[in-house]
Each structure stands twice: as C-alpha cells, then as structure tokens.
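J.: If you read the protein sequences in the order shown, they are chains A, B and C.
Residue numbers for the first sequence, in the working numbering: 25 to 159.
Residue numbers for the second sequence, in the working numbering: 25 to 159.
Residue numbers for the third sequence, in the working numbering: 25 to 159.
No lab work stands behind these hints: they were computed from the structure.
Quick reminder that beta carbons are idealized off the backbone N, C-alpha and C, glycines included.
Careful: at least some of the hints might be erroneous.
Reference excerpt, derived from the structure (chain B facing chain C, CB under 7 Å, subset only) [claimed, not checked]:
(1) 27
(2) 44
(3) 49
(4) 59
Here are the chains, one letter per residue:
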Amino acid sequence: MGTPPYTVVTGDRPWPARYTFSPAVRVGNLLFISGTTATDENSQIVGRGDMAAQTRQIFRKFERLLAAVGASCDNIVQTVDYIVATENYRATADVRREFFKHAFPTATGVIVAGLLREGALIEISAIAVIPGPST
Amino acid sequence: MGTPPYTVVTGDRPWPARYTFSPAVRVGNLLFISGTTATDENSQIVGRGDMAAQTRQIFRKFERLLAAVGASCDNIVQTVDYIVATENYRATADVRREFFKHAFPTATGVIVAGLLREGALIEISAIAVIPGPST
Amino acid sequence: MGTPPYTVVTGDRPWPARYTFSPAVRVGNLLFISGTTATDENSQIVGRGDMAAQTRQIFRKFERLLAAVGASCDNIVQTVDYIVATENYRATADVRREFFKHAFPTATGVIVAGLLREGALIEISAIAVIPGPST
Numbered sequence: 025m026g027t028p029p030y031t032v033v034t035g036d037r038p039w040p041a042r043y044t045f046s047p048a049v050r051v052g053n054l055l056f057i058s059g060t061t062a063t064d065e066n067s068q069i070v071g072r073g074d075m076a077a078q079t080r081q082i083f084r085k086f087e088r089l090l091a092a093v094g095a096s097c098d099n100i101v102q103t104v105d106y107i108v109a110t111e112n113y114r115a116t117a118d119v120r121r122e123f124f125k126h127a128f129p130t131a132t133g134v135i136v137a138g139l140l141r142e143g144a145l146i147e148i149s150a151i152a153v154i155p156g157p158s159t
Numbered sequence: 025m026g027t028p029p030y031t032v033v034t035g036d037r038p039w040p041a042r043y044t045f046s047p048a049v050r051v052g053n054l055l056f057i058s059g060t061t062a063t064d065e066n067s068q069i070v071g072r073g074d075m076a077a078q079t080r081q082i083f084r085k086f087e088r089l090l091a092a093v094g095a096s097c098d099n100i101v102q103t104v105d106y107i108v109a110t111e112n113y114r115a116t117a118d119v120r121r122e123f124f125k126h127a128f129p130t131a132t133g134v135i136v137a138g139l140l141r142e143g144a145l146i147e148i149s150a151i152a153v154i155p156g157p158s159t
Numbered sequence: 025m026g027t028p029p030y031t032v033v034t035g036d037r038p039w040p041a042r043y044t045f046s047p048a049v050r051v052g053n054l055l056f057i058s059g060t061t062a063t064d065e066n067s068q069i070v071g072r073g074d075m076a077a078q079t080r081q082i083f084r085k086f087e088r089l090l091a092a093v094g095a096s097c098d099n100i101v102q103t104v105d106y107i108v109a110t111e112n113y114r115a116t117a118d119v120r121r122e123f124f125k126h127a128f129p130t131a132t133g134v135i136v137a138g139l140l141r142e143g144a145l146i147e148i149s150a151i152a153v154i155p156g157p158s159t
C-alpha cells in the first residue's frame, strides 16, 4: 500500500479508525495540528458555555500531541482561533499565558457562522516547529 | 523584474493572467494550495447542491496540481474545509477515503457565512509535502 | 526561562507586552504572519468602509515585518483573507498587483460572521519564505 511521506502523530490516546483525518502530522521540523475542539476522551465537550475552559482543554490536547514528539506548547508558531461568540474571548488570552511560557506564537482569530461540534465555542488549529531530525 | 523565491505550480491547465493569486506554489518541500472550489475548466461549479460531489471535484483539481510536482493527494498534510451548510458534510469523509489511500492528513472544518463563488458549498485549501529537491 | 525554538519578528514598531501573540515568527526559511487588520500605530482602523484601503494598510504592515528579515511582499507564498462583506472585494485584487510584483502567492478568501476588530472589513494572515540561513 505504500507509506505516506509524513508521520502521523496521535499522542497517547487511541485514534478511531473511522476518522478521515489525523490529529497531527509531522513533516520535517513542522508539526501540523488539526482544528481541535474541547472534547475529552469520551467525545464530550469540556467547559460548556465557558470559552476559556474550552481553550484550556484544547491546549491540553495540543500538549499531549506535542509531548509525543518531545515538544510542548512553546513549540507552537501559529494558532488559528475559530469562535462562535465574542463573549469571554478576551479570557482566552490568560489561557495562552498559561501555556506559552517563553514567547507567543502568531495568532489569527475570526468569528465563524458555526462549528461542527455541538457545544463547541472555539476551535483552534496550530502549527509547531520541532527541532531535531525528523523521525 | 526579478523572480519570486518560490515556484508557481499551475498544473496542466492555462491559468488566467487576470487572477491575482496562483493555484499552488512550491517552496522547498512544501506545496501550498489555494482555497479551491468545485469549478471546472469553464469556471462552472460541478455538483451543484451536492457537497460530496463538489469535494470530489476539488480533490481532482488538487491531484492535477500535485501531479505537476510528481505527487498525489497522499502528499497532503493539511486541509482546511470552509463550508456553508452542514447537510451532507459527513458524506465528504467518504470522498477523503477515495483520495487518501495511505494515511489521513490533518483537517480543520468550519462553517463560514459565505463563499465568494456562487453555488459553492465547500472551499478547501491544502498544504502538501513534496519529497526530493526543490526545483 | 528558556528560549522559544523560533524568532519573534515585530518589525520597526514596539509591540505591546499585553498581547498574547506575536505579529510574526520565523522558523527556518518560513515566516508566519498573524491575522492582521488595517490598524495604524494608534490602533485605529485606516480606511473605514473601504476594503481596498484596508487591504493596502495590511500589506504595508506586512512589508514592515518582512523588511525586518530582509524580505518584501514578493516573499509571501500564502494569504488567507477573512472578509465581512463582499462589496468591493474585487478592488483588493488591484492592491495585490501593487504589492506582488514578480508572481502571485496562493490565496484563500472566505466570508466570516465577524472580525474581532471593530470597523475591520478584512483580516489577512500570511506565510512567507525567507531565503538564506535562519537567524
């Protein structure tokens, strides 16, 4: 069947075979991370109605993916926030301070008409840089 | 006039000079692909009212661009789906299985307020990895 | 505290410490640029009600960031336009011709439900390629 020219990164959780996307893929020194909502291991939204709590859950999921390649949120160079409401969006800045300890990545934030996951107030995608040889 | 520090990739179709963007550009081992709708060579939308058919047409257009650099959809590492309705969005997962044969790239999917192309239900942008020396 | 695995690029303007994102970051030969609106140095929108003027201001801000790494808009390989209305969007193509002199980058353009900056009609993010050794 051949192999893809990149490495799929799933972190420490099983990844359902029915999904037609990977949570993250590594190519060279870049890690692309899929748009992520604040779901937990049971696919339930954490922090219903609380955008800051949802953002924290998303960054925790990023950390698990990044840890699998020896990195942390400090390796993130780009985030894109897709939000469905503006209330409490400012509170997500404090969550960024919790996870980005050395500097801040670039950011884009836009208000969308909706997110696919019911109950999600925010979805974030990211790109990270992973120093060292690619696996 | 100088030359850009990247290679424009247009595939096997002529690209209208009036457009102020390129369908794809290569830099090093990355290929950036513009947001693409399901238009055909006559700029008509293929698969009106059918999101899965539109997605298939978009991936076919990606394949033509990727073939021009010796690659296929299996080289895609990131897709971003911008959709205007959620009906039948699940059907696009089956289209992904048609084109991604070895593994799945990352994905982000959001509902936008509108797309610029009349009749388009979905627009997809992508990034691919192209092994081997840059041209 | 450690250092991030990338270089923050702020151009020739002071960057407020309260912001939890960087205007641009460089990693290897790529420069990621944050989603940018047409604000001036006093955080006021330039070109109220005029999408082309706002686009011009955004590209001028890109030029300042790119100049800081010895580059120009001709180094941009990807733009993503998030717009809140379609009137006069075509006029932004002429602005692209002013700034992209040798070739055109890829582009994605979508209509969003809103932008965070009051008065902003368009927000653009970008990725550029910076030849030569990373700093």
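J.: Against each hint, give a clear statement of whether it holds in the structure.
T.: Here's how the hints hold up against the structure:
{"no.": "1", "hint": "27", "verdict": "6 Å, holds"}
{"no.": "2", "hint": "44", "verdict": "4 Å, holds"}
{"no.": "3", "hint": "49", "verdict": "5 Å, holds"}
{"no.": "4", "hint": "59", "verdict": "3 Å, holds"}
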